[in-house]
Amino acid sequence: MLFPTIDFAIFFAVAFTVNWLLNPYAGPWKLAMIGLSYVFYGWVGWSYCLLLFATTAVAFVGGNVTASMRNDRARRTTMIVTVAALLGILGWFKYYGFVSVNLDNVTRTLGMGQPVPLLQVALPIAISFFTFMAIIYVIDIYRRKLEPAKPLDFAVYLSFFPHLLAGPIVRGTELLPQIRRRRDPDNIDYSRAFWLILAGLFKKVVISSYVSANIVQPVFTSPSQHSAPEAIFAAWGYAVQIYCDFSGYTDIAIGLALLLGFRFPQNFNAPYTARTLQDFWRRWHMTLSRWLRDYLYIPLGGNAGNGVTTVRNIMITMVLGGLWHGAAWTFVIWGALHGVGQSVGHIRRTVRERKGLPPVADGPVRIWVQRFLTFQFVCLGWVFFNATGVSQVLDVLGRLFSGWGEPSPLVTPLLVLVVVGTLLSQFVPPISVSRLQAGFSRLHTAWQVGLLGFALLGITTFGPVGVAPFIYYRF
Amino acid sequence: MGMGMGMDAGMDAGTDAGMEMDTDTDAGVPAPSTAPPTVGRERDVDPDTAWVTAEDGRPRDGRVRLPWTRVLLLGVLAFALWFFLFAPTLEHNAQVSPVGTRRTISLDITRPIAALSRALQLSRIVSVTGRENDQPGGTDGLIISGPRPGTSKQQPSIATRQLGVPATTTTVPPNPKLPTAATPLRVLIVGDSIGLDMGGALQSDLAGTGIVNAALDGRESTGLTRPDYFNWPAELANDIKADSPQVVVVMIGANDAQDFLGPPDTPYASPAWNGLYTQRVSQFMQIASSTHANVIWVGMPPMQNPTLSGQMVDLNTIVKQQAAAFKPPVTFIDTDKSLGTPTGGYTAFTTNAAGQIVNTRTPDGTHLTPGGSQVVAQQVIAELVSQGYHI
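Protein chains in written order, with this note's numbering: chain Z, 1 to 475; chain U, 1001 to 1391.
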């Protein structure tokens, strides 16, 4: 079920009411939430519910067995087997087609025939997200950061519909305690929740759709007919599109959870204000970044070893992070690009430290130059991220060298305003937004109804007919 | 917490999620980071926690909290207001949706509310924006690709140069089968979402020759059965007027296996339906060839869903018959072998001209991947070459 639909609005009205009516009754509440979440997920395809159930069962049993082992080696083995099983499920659905086609092409070239059958395995929506949450649960139990949950608690944790389709990737230590305790039905932070939901809808339905239709899609569909300025705005536009799409989804998810009495972790923190790539990854898809850091990068050794091992670990982490987004070489290159960028940053810092050089003094010019360069690098990566293949990347980037002096009808004043305005909005102080929310919460109910109704009207009026699915639903 | 659009949401003030921050790899467990963010100023502080005092933990953010019943009431009233103001558009959306129970119920609900909204002149709030009956998604009009006649600096194609044809023409009307950079062949590609998949690849390939000017008009979720939703004959007539194509490539039909809207509705696959669809296809072919353009109609490929696949076979049969009746200038191209098994069944993989295995279909079992689009695009180009076009 897509968030920006009337189907979901009706579903949520029911879920909200059921959530608070059953709030005093823990058992029925959990069963109701599981049922509602499975209905929400099954709306896309009922067979997928079996997969969600299977993942829940594997992680729950694996976590419990891991916790019950007294011997450290047995604990580790059980944890590894469980994580391998979870990754096996993910790998089958997400990577089998990619691996089999590439493997068969290599073996055919070598005259070795076709070693694996070619099968098109449908990618179940959300599998990457709930698999990562299941892995968190099992590893945190292994690390003794988390006690095994009760079956219903764990089933709610993994299937809870506000985060189910595209995160945030919530940890057991964050969500399970909230599931166990009774939520306060008289203390809903509704002004913040409504703001987040409407802001998310605005970003997704209006901004992301507009930029996609008016610059990104035309240029990426046929780069050869577009000028260099159009190619540049297509790359910047995609940066705006994917940010508004994904952070818009996240805002809605966090707002919905807030209405149900839950708090989710932050997933975006003004990413295009970042001054370095390292800084960018602290601000972009933060729950994935910390997953990669805590469950991949640090277990690989992090930056505790020498420079070579650190660069190796960064590259492995970023390439696998790229591959997580999709089974395609463009995602691998995108991840590698960020890995190389971060490695260069790491080497520069290490060299300065070894030479005993003091930190470079910050000034406004240096800060803005860093921000500008980081943004351009990120946009270069986005071209790979959005392209259907490397040849399309070359076509788009090629226009930067050959497309000057041609007319740029797509770069309209409105487009420039939307792209630049969205980027500049990242510098709006959150404290002023919080004051707006506080002001809204003190208004008379009639004004609140009017403002919310007209805000929704503006969003639906200026959005396209039929909103495209969120980009991150594919992952 | 910083705020993209002034509104990124979150609760973890200063959570450091970047690589390299945690060097504690002892036992593989990072120490919880308490370091301030790299760019830490007031704007990086989460408004939820910034206003909380440590003494009593009560929010001091100034936001009033409400009981859930009041929140529900507020949400329902705001939704009702929106529904009332937006009802005419919702009614329109319901009218153009596929025939069935959902459409009937949607119309039953939206019709009286839309009527009231119009009677009270409230619908004008939306109608003044001119967006009450917006068009479906797609290319949003023609996307034209390739050399602009008379302005291109690109070289003639290898085929043209081999024939010794001059790169520019003077007084002799250009021969569309011998295009040059100065007098490029004008190709128009139209279709539904599958046509859009194929069209993007074909447009790119044709424009890449440097001697073809290719225009693409693709509209998602459209077809020939529901002109109330999207009027393809009118759209094609406009495209032809705007572009004056010499070749028109059509790939449309994936959404056409549905009832014709009445009253009375004409059930899909009934004899009356077949007759009506034949008329629509015939009309479309006439418009496409109205400026003496050659028309290449690309058939629908096999689908993973057996029911849909069977429907596409039926539609292809009708189109094929009409193409035969209009030949020339209409030519039908089958995709059941190029994108299907040797017996015309569904498969997601094929071997391309370079001998590489290509995944041709998206996981929905309906649309084309870039690889699949390329296979069909090359099929169309091969047909053009076989018809004598030197591209």
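Hints are supplied without guarantee of correctness; some may be wrong.
[To be verified] Computed footprint of chain U on chain Z, listed as stretches where at least three residues anywhere in the stretch have a Cβ under 8 Å from a Cβ of chain U:
1. 11-21
2. 44-50
[Claimed, not checked] Partner residues aside, some chain U positions facing chain Z, computed with beta carbon under 8 Å:
3. V1064
4. W1068
5. V1076
6. F1086
7. A1115
8. A1119
9. L1122
10. R1124
11. V1126
12. T1331
[Said to hold, decoys possible] Covered stretches of chain Z (chain U as the covering partner; in silico rule of three or more C-beta atoms under 8 Å from a C-beta of chain U):
13. 64-77
14. 120-127
15. 426-437
16. 453-459
The hints are simulated quantities; they were obtained by calculation from the structure and are not laboratory data. For each residue, glycine too, the CB sits at the ideal point set by N, CA and C.
(request) Return the numbers of the hints above that this structure violates; sort them in rising order. (result) 2, 7, 8, 9, 10, 12 and 13
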